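Asker: Sequence:
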Amino acid sequence: MRTLLAFAALSAALVPRCPAQEATALRDAEWIEREVGEGVVWRHTRTRLFAAPQSLNLLVVDRARAREPGAIRVAAPQPAARVFTSSLAVSSGALGAVNGGFFDLKTGAADGLLVVDGETLGAQSAARKVALVVRKDGAPDIVPARDVDVRTVRGALAAGPWLVKDGEPVPHGRAEDPRHPRTAVGMNRDGALVFVTADGRDDAAAGLSLSELRAVMQALGCVDALNLDGGGSTTMWLSGRGVVNYPCDDRRFDHAGERAVGNAITIFAPLVVVLDEDEARCEPAADFAQRHAKDAQDGDWLQSDAPTARVVFELRLPRPGRYALELRVPSAARGAAWRVAVDGGEPRELRAGAARVGIGEITLDDQDHAIAVVLDPATGPLAVDALRAVELVAPAARSR
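Each residue of the sequence shown is one higher than the one before, starting from 1 at the first, in the working numbering.
A portion of the hints provided could be inaccurate.
[Claimed, not checked] Each pair of labels, with its calculated beta carbon distance range: (1) K294 with D368: 33 to 39 Å; (2) D166 with R46: 18 to 24 Å; (3) D190 with E30: 21 to 27 Å.
Hints were generated in silico from the structure; no laboratory data involved. Computed from a prediction, not measured in an experiment: that's the story for all the values here. Here a beta-carbon is modelled for each residue, glycine too, at the ideal position from N, C-alpha and C.
With the hints as constraints, model all of the structure from the sequences given.
Answerer: Structural data, given as structure tokens:
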């Protein structure tokens, strides 16, 4: 685990109705952080905020990836129906997904503007005044729904209310007071997209009011933020991990309580799997000493001076394809050398001259097959930080 450092500067003045101690609690919470795609990071924490237990998931898509044509898509079944967020994601080959806008619980038809792949499936609604749009060049934005020209967008999804607009909080009166599970999307000053789910309706997770959700989005640095459908609809899904939040539609605090929804937002990027050193098999374990470094994965790495030391990563990838493999190396271990064997192949010597050292490429035909990456010392100590696998595929290739 590591503490998330990427929050905006927090203060009671910056975050309305969020006392300084709450802002500090959010900033200093212990977050699980994992790179899950090229330009995409997932973060999760269970902590106390607003005098209550909370369970938060973030999916952060950096500006370059978010603006890649086809990287952000609005998804919905045609004709209108209710399906799981996870089903929409799996059927399209997405990297990740969150539930989208409001819909008719009987038919699944959108309650408000909905544009999917350039086709208008839902009309403007007076109740849904704000929209996430994806322009035809791939650029996402959060805009007034009435300003959307459907001829210029590839996707659009109206919801609301607006939480943050042009860096300023947007209050909404007494209707925002109840706590519920929440889903939101925001954009920071750099153009990164931030998708957030907050679980609720359980003793383990109280949920957020709209004012509390707004405070969280501001604390995350969002200058524009939009509330999406919440309650039992709140869902975040990731390839290889499944549903990562705790949907409440089954009234249990587990990952199985998805509600069938009318639409979703899907994210496409080359998949990334990272195995840290604590997920490797170190032989013999007693010969390895833990080292700490700011530039190491999760802040630490392992080293052994024993000439017979060995490290084995067993890599399981969630879908077939072609992948590039590389080793992550902290600066303190630069100059280290290994003999590396991949999936029973002949070992070859590699030397750590940079933060990442390429091992080679593999093609995976069977996702149930575990790939063994074995490190033996070549010269000097055996150092190990993390193994990274990157899918070699265009971001939206699987969605066509």
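Asker: Do the Cβ positions of K294 and D368 conform to the proposed distance bound of 33 to 39 Å?
Answerer: holds (37 Å)
Asker: Evaluate the given range 18 to 24 Å for the C-beta pair formed by D166 and R46.
Answerer: Because 32 Å falls outside the window, the suggested range is violated.
Asker: Hint says 21 to 27 Å; check whether the CB-CB distance for D190 and E30 agrees.
Answerer: Holds, since D190 and E30 (Cβ atoms, about 25 Å apart) stay within the stated range.
The structure does not agree with numbered hint 2 stated previously, though it agrees with all others.
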